[in-house]
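Each residue of the sequence shown is one higher than the one before, starting from 1 at the first, in this note's numbering.
Certain hints may be false.
Just the calculated beta-carbon pair ranges, DEER-fashion [unchecked claim]:
(1) 22 x 61: 24 to 32 Å
(2) 52 x 31: 16 to 24 Å
(3) 49 x 22: 26 to 34 Å
(4) 64 x 5: 29 to 37 Å
(5) 67 x 5: 26 to 34 Å
(6) 27 x 64: 29 to 37 Å
(7) 16 x 64: 28 to 36 Å
(8) 48 x 22: 24 to 32 Å
If you are wondering where the hints come from, they were derived from the structure by calculation, not from laboratory data.
The C-beta atom is built at its ideal place from N, Cα and C for all residues, glycine as well.
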Amino acid sequence: MSHKKTCKWYTACPLKFFYEKSRLDKKWVEGYCFGDFLKCARYKMEEEGLSHPDNMMPDGTIDRRLK
Numbered sequence: 001m002s003h004k005k006t007c008k009w010y011t012a013c014p015l016k017f018f019y020e021k022s023r024l025d026k027k028w029v030e031g032y033c034f035g036d037f038l039k040c041a042r043y044k045m046e047e048e049g050l051s052h053p054d055n056m057m058p059d060g061t062i063d064r065r066l067k
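The whole structure should be built from the sequences, with the hints applied where relevant.
Below you can see the structure in the form of structure tokens.
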């Protein structure tokens with residue numbers, strides 16, 4: 001099931017900041033934040049109250065270039 005609305009965490013998400021500073025490719029935001037955010041590792045962890053690094057990508061990988 002695909003969800004085509006904005007993730008409720010988007011405004012507080014570091015990925016929004018990285019995207020607005022042109023440090024994150026649009027595909028991440030379109031695919032997860034404005035796409036199927038239920039598949040986002042960040043979303044799942046946020047919902048469970050689990051801490052995660054700011055540079056963790058929606059697929060769970062860590063992008064060491066983002067700080």
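Hint by hint, here is what the structure shows:
1. 22 x 61: 24 to 32 Å: With a Cβ separation near 20 Å, residue 22 and residue 61 fall outside 24 to 32 Å, so the hint is violated.
2. 52 x 31: 16 to 24 Å: holds, 18 Å
3. 49 x 22: 26 to 34 Å: holds, 31 Å
4. 64 x 5: 29 to 37 Å: For residue 64 and residue 5 the Cβ distance comes to about 31 Å; the hint holds.
5. 67 x 5: 26 to 34 Å: Holds, since residue 67 and residue 5 (Cβ atoms, about 30 Å apart) stay within the stated range.
6. 27 x 64: 29 to 37 Å: Taking Cβ atoms as reference, residue 27 and residue 64 lie about 19 Å apart, which means the hint is violated.
7. 16 x 64: 28 to 36 Å: violated, 19 Å
8. 48 x 22: 24 to 32 Å: Given about 31 Å between the Cβ atoms, the range holds.
Hint check: violations occur at hints 1, 6 and 7; the rest are consistent with the structure.
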